[in-house]
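Visitor: Sequence:
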Amino acid sequence: MRDYTVRRIDSVTGAQLHGLAELLCDCVEGGASVSFMQPFSKDKALDFWRGVADGVRRGERALLVAEDETGVLGTVQLVLAQPDNQPHRADVAKMLVLRRARKRGLGAALMDAAERAARDFGKTLLVLDTSSAEAERLYERMGWRRVGVIPGYALLPQGGFCDTAYYYRLLSERVQTAAMTEK
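Position 90 of the sequence shown, counted from 1, bears residue number 90 in full-length UniProt numbering, the numbering being contiguous throughout.
There are no misleading hints in this set.
In silico DSSO-like pairs for lysine-lysine, Cα to Cα no more than 27 Å straight-line:
{"#": "1", "residue 1": "K94", "residue 2": "K44"}
{"#": "2", "residue 1": "K103", "residue 2": "K42"}
{"#": "3", "residue 1": "K94", "residue 2": "K42"}
Pair by pair, the computed Cβ-Cβ distance ranges are:
{"#": "4", "residue 1": "Q86", "residue 2": "G148", "range": "15 to 25 Å"}
{"#": "5", "residue 1": "D163", "residue 2": "A15", "range": "29 to 39 Å"}
{"#": "6", "residue 1": "T70", "residue 2": "S172", "range": "34 to 44 Å"}
Hints are computed from structural coordinates only; laboratory data are not their basis.
Idealized CB from N, CA, C, for every residue including glycine.
Build the full structure now, drawing on both the sequences and the hints.
Guide: This is the structure:
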């Protein structure tokens, strides 16, 4: 039985904003390559999440959080705003879980919720990238297809290059059929 809930939020409360900032700081301190370098301050994290909250209000992003009685444990975003020729697609971004909360199924629960939300928004194709071998195993277990790896794509928070692997997930039979006939 899960001792947490996962839900999509349309507005971010002050407590959630601070919880999301602490989550991001924890992940960056733990070495996650999620666009930020060490040293990383809570102020930078708060600024980032304020920008995300603005994107959620404008309908450009969907924000999902996993919470328990202590607060935010994890999060994932869908980047809904795409170019005119890609209205069917969303990017999965910033799938983060507190280090102390890992190995409890939060990553899978967040990704399941993200896929449901994407369907609710009419999306039929999801794309993501990751530099984490642990995350790669999760995505592959969940049926995501690995496209390839770009070497030296980004810097790790403490410095040094890391590769990134790209994945996609088809949510629509129509898109799956089109992809199969093009091969």
